[in-house]
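Using the sequences provided together with the hints, build the complete structure.
Protein chains in written order, with numbering that gives the first Met the number 0: chain B, 0 to 335; chain Y, 0 to 186; chain V, 0 to 123.
Keep in mind that the hints are not guaranteed to be accurate.
[Claimed, not checked] Here are the simulated DMTMM-like cross-link-like pairs (lysine to aspartate or glutamate), alpha carbons at most 20 angstroms apart as the crow flies:
1. B:LYS62 - V:ASP39
2. B:LYS58 - V:ASP39
3. V:LYS37 - B:ASP68
4. B:LYS62 - V:ASP26
5. V:LYS116 - V:GLU98
6. V:LYS37 - B:ASP307
7. V:LYS84 - B:GLU183
8. V:LYS84 - Y:ASP2
9. V:LYS116 - B:GLU63
10. V:LYS84 - V:GLU98
11. V:LYS84 - B:ASP177
12. B:LYS58 - B:ASP98
[Stated by the list, open to error] Here are the computed distance ranges between Cβ atoms for each label pair:
13. Y:SER111 - B:PHE61: 49 to 59 angstroms
14. B:ALA33 - Y:TYR6: 49 to 59 angstroms
15. B:ASP68 - V:TYR112: 29 to 39 angstroms
16. Y:VAL103 - B:CYS16: 51 to 61 angstroms
17. V:GLY104 - Y:ALA141: 21 to 31 angstroms
18. B:GLY56 - Y:ARG23: 36 to 46 angstroms
19. B:ASP68 - V:VAL19: 52 to 62 angstroms
20. B:TRP271 - Y:ASP2: 12 to 22 angstroms
21. V:VAL19 - B:ASP307: 32 to 42 angstroms
22. Y:ALA110 - V:GLY104: 34 to 44 angstroms
23. B:ALA33 - V:VAL20: 31 to 41 angstroms
24. V:VAL111 - Y:LEU152: 42 to 52 angstroms
25. Y:ALA110 - B:ASN1: 49 to 59 angstroms
26. B:PRO275 - Y:LEU51: 34 to 44 angstroms
[Unchecked claim] Here chain Y is said to cover these stretches of chain B; the calculated rule only asks that three of the stretch's residues, wherever they fall, bring their Cβ under 8 angstroms from a Cβ of chain Y:
27. 29-42
28. 205-216
To be clear, the hints were calculated from the coordinates, so they are not data collected in a lab. Bear in mind that the values here come from a model prediction, so they are computed numbers and not experimental data. Cβ coordinates follow ideal geometry from the N, Cα and C atoms, glycine included.
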Amino acid sequence: MNDFLIILIKTCVIYGCLIGAAALMTLAERKFSAWMQLRYGPNRVGPWGLLQPLADGVKFIFKEELCPDGANPWIFRLAPILSAVPAMLTVAVIPFAGDVNLFGVDCGNLSITDLDIGVLFLVAIGGLSVYGVILGGWASNSKYSLLGGLRASAQMISYELSLILIILCVVAMTGSLDLRAITEAQNTGNPLSWNVFSQPLAFVIFVIATFAETNRHPFDFAECEPELVAGFHTEYSSMKFALFFLGEYCAMIVMACLTTTLFLGGYSVPFWEDAPWFVELGSFCAKAGFFAFLFIWVRWTLPRFRFDQLMHLGWKVFLPLALANLLVTGAVISLA
Amino acid sequence: MVDLLFYVAALVAVLTAVGVVLARNPVVSVVSLLSCFGSLAVIYLLAGFQFLAAIQILVYGGAIMVLFLFVVMLLNLGGLNPEDEDRDDPLFHDRRRSAGGLAVAVALGSASLIGILRGARHLAEPTNGLVPPEEGFDALPALAEAMFTRYSLPFEAASVLLLATTVGVMVLAKRQRSIPPAGEERS
Amino acid sequence: MLEPYLPILLLVGITAAFGVVNVIVSDLLGGHRAVVSKGDSYECGMAPEGSARLRLSIHFYLVAVLFILFDVESVFLVLWAVAAKSFTAAGVGALVFAEILVFVGLLLAALVYVWRKGGLQWDR
Numbered sequence: 000m001n002d003f004l005i006i007l008i009k010t011c012v013i014y015g016c017l018i019g020a021a022a023l024m025t026l027a028e029r030k031f032s033a034w035m036q037l038r039y040g041p042n043r044v045g046p047w048g049l050l051q052p053l054a055d056g057v058k059f060i061f062k063e064e065l066c067p068d069g070a071n072p073w074i075f076r077l078a079p080i081l082s083a084v085p086a087m088l089t090v091a092v093i094p095f096a097g098d099v100n101l102f103g104v105d106c107g108n109l110s111i112t113d114l115d116i117g118v119l120f121l122v123a124i125g126g127l128s129v130y131g132v133i134l135g136g137w138a139s140n141s142k143y144s145l146l147g148g149l150r151a152s153a154q155m156i157s158y159e160l161s162l163i164l165i166i167l168c169v170v171a172m173t174g175s176l177d178l179r180a181i182t183e184a185q186n187t188g189n190p191l192s193w194n195v196f197s198q199p200l201a202f203v204i205f206v207i208a209t210f211a212e213t214n215r216h217p218f219d220f221a222e223c224e225p226e227l228v229a230g231f232h233t234e235y236s237s238m239k240f241a242l243f244f245l246g247e248y249c250a251m252i253v254m255a256c257l258t259t260t261l262f263l264g265g266y267s268v269p270f271w272e273d274a275p276w277f278v279e280l281g282s283f284c285a286k287a288g289f290f291a292f293l294f295i296w297v298r299w300t301l302p303r304f305r306f307d308q309l310m311h312l313g314w315k316v317f318l319p320l321a322l323a324n325l326l327v328t329g330a331v332i333s334l335a
Numbered sequence: 000m001v002d003l004l005f006y007v008a009a010l011v012a013v014l015t016a017v018g019v020v021l022a023r024n025p026v027v028s029v030v031s032l033l034s035c036f037g038s039l040a041v042i043y044l045l046a047g048f049q050f051l052a053a054i055q056i057l058v059y060g061g062a063i064m065v066l067f068l069f070v071v072m073l074l075n076l077g078g079l080n081p082e083d084e085d086r087d088d089p090l091f092h093d094r095r096r097s098a099g100g101l102a103v104a105v106a107l108g109s110a111s112l113i114g115i116l117r118g119a120r121h122l123a124e125p126t127n128g129l130v131p132p133e134e135g136f137d138a139l140p141a142l143a144e145a146m147f148t149r150y151s152l153p154f155e156a157a158s159v160l161l162l163a164t165t166v167g168v169m170v171l172a173k174r175q176r177s178i179p180p181a182g183e184e185r186s
Numbered sequence: 000m001l002e003p004y005l006p007i008l009l010l011v012g013i014t015a016a017f018g019v020v021n022v023i024v025s026d027l028l029g030g031h032r033a034v035v036s037k038g039d040s041y042e043c044g045m046a047p048e049g050s051a052r053l054r055l056s057i058h059f060y061l062v063a064v065l066f067i068l069f070d071v072e073s074v075f076l077v078l079w080a081v082a083a084k085s086f087t088a089a090g091v092g093a094l095v096f097a098e099i100l101v102f103v104g105l106l107l108a109a110l111v112y113v114w115r116k117g118g119l120q121w122d123r
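Listed below in C-alpha cells is the structure:
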C-alpha cells in the first residue's frame with residue numbers, strides 16, 4: 000500500500016509539473032517574443048505576468064463553445080483529447096533524476112516509471128497524437144482545418160521516421176531501450192561520454208526533426224497563419240482549443256527532455272558521478288530548459304519554410320542521412 | 000487486477016470491432032478500429048509481450064490507421080449530413096450486394112470461429128500453453144538472435160516484400176496521375 | 000513484469016480524466032447564444048463556398064504508404080539495434096551486419112525508386 004502511495008504521489012507530482020511547465024512555457028513564449036520585438040509582453044496579471052496562464056485557463060473555461068454546422072460533434076470533441084492525452088502520456092518514461100530520498104523515505108528513482116521498452120513506448124504513444132490533428136481538421140468541416148490537419152499529419156509521420164532511426168543510433172550504442180539505462184551509460188562523470196560528442200550528426204538531425212515533429216517554427220505548416228489561419232484548430236474555441244495548445248506544449252517539453260536524455264547525458268552532472276538527486280534534477284532541468292528555450296528562440300528568429308521544402312528535407316536529406324548514420328554506427332559496433 | 004483488465008480490454012476490443020462494421024461514417028469506423036488495436040495492445044501486454052504491444056501501437060496504431068484515414072479522405076467517403084449524396088447511392092440499397100456481403104461475412108466468421116475453437120482445444124493441453132517470457136524484455140535479445148540467425152532468410156524476404164509494395168504503390172499512384180486534370184498539361 | 004505499467008495505468012486515467020473533464024466543463028460553463036452565422040466555418044469573413052470535404056492529393060497517400068514501409072523497417076532495426084552489441088560479443092557481429100546491409104539496401108533501393116519516379120516531388 001505504501002508503495003502504491005509513493006507511485007501515486009510521484010505520478011501526480013510529475014504530471015502536475017508537466018502541466019505547470021507547459022503553462023509556464025506559454026507565458027515564456029509570449030514574454031520572449033515580446034522582448035525580441037521590443038515589447039513588454041503580458042505584465043498585468045501578477046508579477047511579470049506570472050499568473051497570466053491561470054487567467055487564460057479560467058477564460059478558456061468560460062468561453063462559448065462553438066461547433067460548426069456539419070461538423071461531427073463527437074469526433075469534434077474527441078480530437079482535442081486525442082491530441083493532448085498521448086503528448087502527456089509520453090512523459091511517463093522520462094528519467095528526471097536518480098534515487099530520491101525524501102525525509103528518510105526512499106521514493107525510488109525520480110520518474111513515473113522505467114520501462115524496458117521506454118523509447119519504444121515514447122515513440123509509439125507519441126505517434127498517436129497525429130490522430131488529434133487529422134481528426135480535428137476533418138471534423139471541423141472547414142477547408143482551412145482539413146488542409147492544416149493533412150499537412151501537419153504528413154509532416155509528423157515523415158519526420159517520425161528520422162526520429163526513430165536517430166534514436167536507434169543511440170540505442171545501438173547502449174544496447175538498451177530503457178531511457179534510464181541510456182542515461183546511466185552516459186553518467187560517468189566525464190561530459191565527453193555524452194552521446195552528443197560521439198553522435199554529433201545524429202544530434203543535429205534529431206533536434207531539427209523534433210521541431211518538425213512538434214509542428215513548430217520554422218516548420219509550422221499546420222498553422223501557417225497567412226495561408227491557413229490557424230490550421231487544424233481554426234474552428235476550435237474554449238477549452239478544446241486549450242487542450243490542443245496544451246498538448247503541443249507538452250509535446251515540446253517531452254521532446255526537450257528526450258533530447259537531453261538521449262544526447263546530453265540526461266540527469267548526469269559534469270565531473271560529479273554520483274551527485275545527490277536534487278543536483279541531478281537541477282542538471283536535467285537546466286539542459287531540458289535550454290532546449291525548451293530553443294523552441295521559442297528559433298520561432299522568433301527564423302522565417303518559415305515552404306511545405307515542399309519541408310518534405311524534401313525530411314525524405315531526401317534527413318531519412319538517408321539518418322540511415323547512413325545508423326549504418327556507420329552499426330558498422331563501428333559490429334566490426335570493432 | 001490483471002484478470003479484470005483483461006476482461007475490460009477484451010470487451011472494448013469486441014465492442015469496437017462491432018462498431019467498425021456498424022458505423023455509418025467511415026471515419027468513425029477508423030476511430031473504432033484504432034481503439035480496437037489499442038485494446039489488443041493491452042491484451043498483448045497483459046500476456047507479457049511488451050515488445051509486441053509496443054509494435055502493435057507503433058505500426059498498426061501509428062502508421063496503418065493513418066493510411067486508412069488518408070484513404071477515407073482521399074476517396075471523400077466522409078458523408079455526414081443526411082442530405083449528402085452518399086445515402087442515395089444505389090450501392091447502399093443494393094439487396095444482391097448486401098446478401099453477398101452477408102454470405103462472405105458468415106463464411107469468414109465461421110471459419111475463424113472454427114479456428115478459435117481448435118486453437119482453444121490445443122491450448123487447453125497444459126504442455127501447449129503459451130508461456131510468457133519470464134524476465135519480460137530479456138526475451139528481446141533472444142528474439143533478435145532467432146530472427147537474425149535462424150530466420151534470417153524470412154527476414155531478408157520481408158525487405159523484398161516491402162520493396163515490391165513500394166513499386167506497386169508507385170505504379171498505382173503514377174497511373175492515377177497520368178490522367179492530367181482538366182486544364183493541366185501532361186508532363 | 001507488469002509492475003512498471005501500474006503508474007502508466009494511473010497516468011492514463013489521470014490524463015484521460017483531465018481531457019474529458021475539461022471538454023465537458025467548458026461545454027457546461029461556456030455561454031451558449033445561438034446566432035445563425037455562428038455555425039459557419041471560418042473563411043476570413045466570406046460566406047463559406049462549396050463543400051469542405053476536399054478530395055486530397057495522391058501525395059498524402061504515397062507518404063502514408065512510404066511511412067508504413069519505413070516504419071516496419073525501423074521495427075526490424077529496433078531488434079538489431081538492441082542486440083547489436085551482444086551479436087558482436089558472440090562473434091557474429093559482421094554476419095548480422097551484412098544481413099542488415101542487404102535489408103537496408105533493398106529499402107534504400109525502394110526509396111531511390113520512389114525518388115526517381117517523382118513520388119517525393121511536392122512542388123508540382
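Which numbered hints fail: Numbers 2, 5, 6, 8, 9, 12, 15, 19, 20, 24, 27, 28 - these are the hints that the structure violates, sorted from lowest upward.
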